Amino acid sequence: MTEPPDTDFGLGTATATSGAAPAPDIPAGTGSATTGGRGSAVLCSGLTYRFGTYTAVDHVDVRIERGETFGLLGPNGAGKTTTIRMLTTLLRPMAGTISVLGVSAAERPMLVRRMIGYVPQLLSADATLTGRENVELFARLFDVPRSQRRERVEASLAAMGLTEPAGRLVKTYSGGMIRRLELAQALVNAPSLLVLDEPTVGLDPIARTDVWEYIAALRAQIDMTVLMTTHYMDEADTYCDRIALMHRGSIRATGSPGTLKATLGAGATLDDVFRHYTGGTLDDNTGSGGIRDVRRARRTARRLG
Amino acid sequence: MTSAAPGAPPAVLADTAALPADSPATIVRRLASRIVTLCWVELRKIRHDRTELYTRAIQPALWLLIYGEVFTKIHAIPTPGGIPYLAYLAPGILAQSALFIAIFYGIQIIWERDAGVLTKLMVTPTPRAALITGKAFAAGVRSVVQATVVVILSAILGVALTGNPVKLVGAACVVALGSAFFSCLSMTIAGLALSRDRLMGIGQAITMPLFFSSSALYPEKIMPGWLQAISRCNPLSYQVDALRGLLIGTPAHLGLDLIVLAIATVAGVTASAALLPRLAR
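Same order as they appear, the protein sequences are chains A and B.
Number 93 in our numbering belongs to position 93 of the first sequence; there are no gaps in the numbering.
Number 177 in our numbering belongs to position 177 of the second sequence; there are no gaps in the numbering.
Since the hints were derived computationally from the structure, they do not count as laboratory data.
The structure displayed is predicted, hence computed values, not measured ones.
Beta carbons are placed, not taken as given, at the ideal position from N, Cα and C, and that holds for glycine.
A hint or two may mislead.
[As the list claims (entries may be wrong)] Incomplete in silico selection of chain A near chain B, CB under 10 angstroms:
#1 Leu-43
#2 Phe-51
#3 Thr-53
#4 Arg-85
#5 Arg-108
#6 Val-112
#7 Ser-124
#8 Thr-128
#9 Thr-130
#10 Phe-138
#11 Arg-140
#12 Gln-185
#13 Asn-189
#14 Arg-248
[Stated by the list, open to error] So, partial list: chain B residues that the calculated Cβ filter (under 7 angstroms) puts toward chain A:
#15 Arg-44
#16 Thr-119
#17 Pro-125
#18 Leu-258
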């Protein structure tokens, strides 16, 4: 991305697609003008998870408003992926509660999953199936009625610009195409919450922009909340209405990119904000989460070639 | 860039929290739907790449052509009713080839975990048990396709197999059920071992003992006492017994065989579904 870091919503997508004014400075845990007070898409309270004696997520409170794009940022091993895994019901929190669109993840995990579209950090489309079959698989798993299935599958593929290669095996796709296919898989059920765990890791700059433009175009069509993690500050600055900076398992700051930059003074970038709240180094972490994160990112990069 | 929307969000989202819990009928319907879906995926994969079907046929062909032909000639192994040893052996090799396919599923599920596929499947509204059952029956579908190749091969070698379509369908069901159990066993071990290297070692260590401690190659009555005891605990023996009864008409305990296989499969699904979240950590 080449957008200047202090220009909120450089592509004009997030603002236009959420149908509201640019997010003003918002303290953590309060309502958002972006969503016009439509309530929370995600509400986490006291969220905690430990791997043995290592506390990966430590009493995290997060509130994500409906319709906003929320970025979870932090260095490797900060606890971002573990938080996402709890939100998506993959891990049961050891303490704390999660509510997704008013539904308790602990009590109704199946219902929560029905509302979520999830794109994991790893490239997860099945390479031995065609693009269309990958999307149809998810249409079936989300119980899209048979009468609507073909239409939904084709519409999802078209929305991601994959109609032409849909009949080809995924192993012939480029990295950017696979990411778009995963988005098509996640979107076939028209999710209310789209969860993206480092969606552009390993992609070249053109493919990164491409993926974000498709997400933005889709948000123009569907009323959807987006929760993403990323290591790319430029992406967070451009596409997120609000961000939370996570370090060593806890949230250090929450707000719009503009607010957070303003707290450090004129001319500060989101990189500066990141360094300020995470101790100034990307690798200041010796916990197992760090190793797991790096290993996962490298595996994805390897698959992308 | 096309930007057609993939459809409006389902109306159910309007007041999701107020929705009642799933009824037993819904749970059963969902389970059936997931089994059909995961079997559909398996068939699509076989359709896209049939290489595995041919390469996997080599090993059973060698067992039948070399081991079977030699032991038929030397009459070293007594068979019920004095039937040719090759005919006695064919159902055992059929079960063995299905076992080898099913045991691969534990490695496959770890590969899917490493590739991110499993994680994504687990965030769909699919109960863990349905995911495992679907995978188990997908293993069954693959095994049945493989078994068809072995049956054809046996027929070419002159084994007098039944032509009764009901018995053939019954044999296919037994193959599918046996594969479902062994794939669950493999996925259970995957949930404990957690890594591909460890699982491959364990898989190697259990596959041949499972095969040799069953009645696939020789009747139970010629085994030493201790091996007979193990054989009676080995679901492969029950699978082979049912297949022999259905395909070559030897006396079999079909009812008992099916009950043992069904109970083993249910236990396998339960154990591997309970351990599945360990793979997602």
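Quick rundown of the hints versus the structure:
Against a cut-off of 10 angstroms between C-beta atoms, the interface hint on Leu-43 of chain A is violated, since the closest Cβ of chain B lies about 12 angstroms away. Satisfaction of the interface hint for Phe-51 of chain A is found here, the shortest Cβ-Cβ separation to chain B being roughly 8 angstroms, below the 10 angstroms cut-off. With its C-beta approaching chain B no nearer than about 15 angstroms, Thr-53 of chain A sits outside the 10 angstroms limit, and its interface hint is violated. Because the closest C-beta pair between Arg-85 of chain A and chain B is about 7 angstroms apart, less than 10 angstroms, the hint holds.
A hinted interface residue such as Arg-108 of chain A counts as satisfied when its beta carbon comes closer than 10 angstroms to some beta carbon of chain B; here the least separation is about 8 angstroms, so the hint holds. Among the interface hints, the one on Val-112 of chain A holds; its C-beta lies about 9 angstroms from the nearest C-beta in chain B, closer than the 10 angstroms criterion. The interface hint given for Ser-124 of chain A is met, as the beta carbon of that residue sits about 3 angstroms from the closest beta carbon of chain B, less than 10 angstroms. The criterion of a C-beta within 10 angstroms of any C-beta in chain B is met by Thr-128 of chain A, whose closest approach is roughly 5 angstroms, and the hint holds.
For the restraint placing Thr-130 of chain A at the interface with chain B, the shortest Cβ-Cβ distance is roughly 8 angstroms, inside the 10 angstroms limit, so the hint holds. Nearest Cβ of chain B to the Cβ of Phe-138 of chain A: about 7 angstroms, under the 10 angstroms cut. The hint holds. Among the interface hints, the one on Arg-140 of chain A holds; its C-beta lies about 4 angstroms from the nearest C-beta in chain B, closer than the 10 angstroms criterion. Against a cut-off of 10 angstroms between C-beta atoms, the interface hint on Gln-185 of chain A holds, since the closest Cβ of chain B lies about 8 angstroms away.
The interface hint given for Asn-189 of chain A is met, as the beta carbon of that residue sits about 8 angstroms from the closest beta carbon of chain B, less than 10 angstroms. The closest approach between the C-beta of Arg-248 of chain A and any C-beta of chain B is roughly 19 angstroms, which is over the 10 angstroms cut-off, so the hint fails. The interface hint given for Arg-44 of chain B holds, since its Cβ lies 5 angstroms from the closest Cβ of chain A, which is under the 7 angstroms cut-off. Here the hint on Thr-119 of chain B is kept, as its CB sits about 5 angstroms from the closest CB of chain A, short of 7 angstroms.
A least Cβ separation of about 4 angstroms between Pro-125 of chain B and chain A falls short of the 7 angstroms threshold, and the interface hint therefore holds. Because the closest C-beta pair between Leu-258 of chain B and chain A is about 29 angstroms apart, greater than 7 angstroms, the hint is violated.
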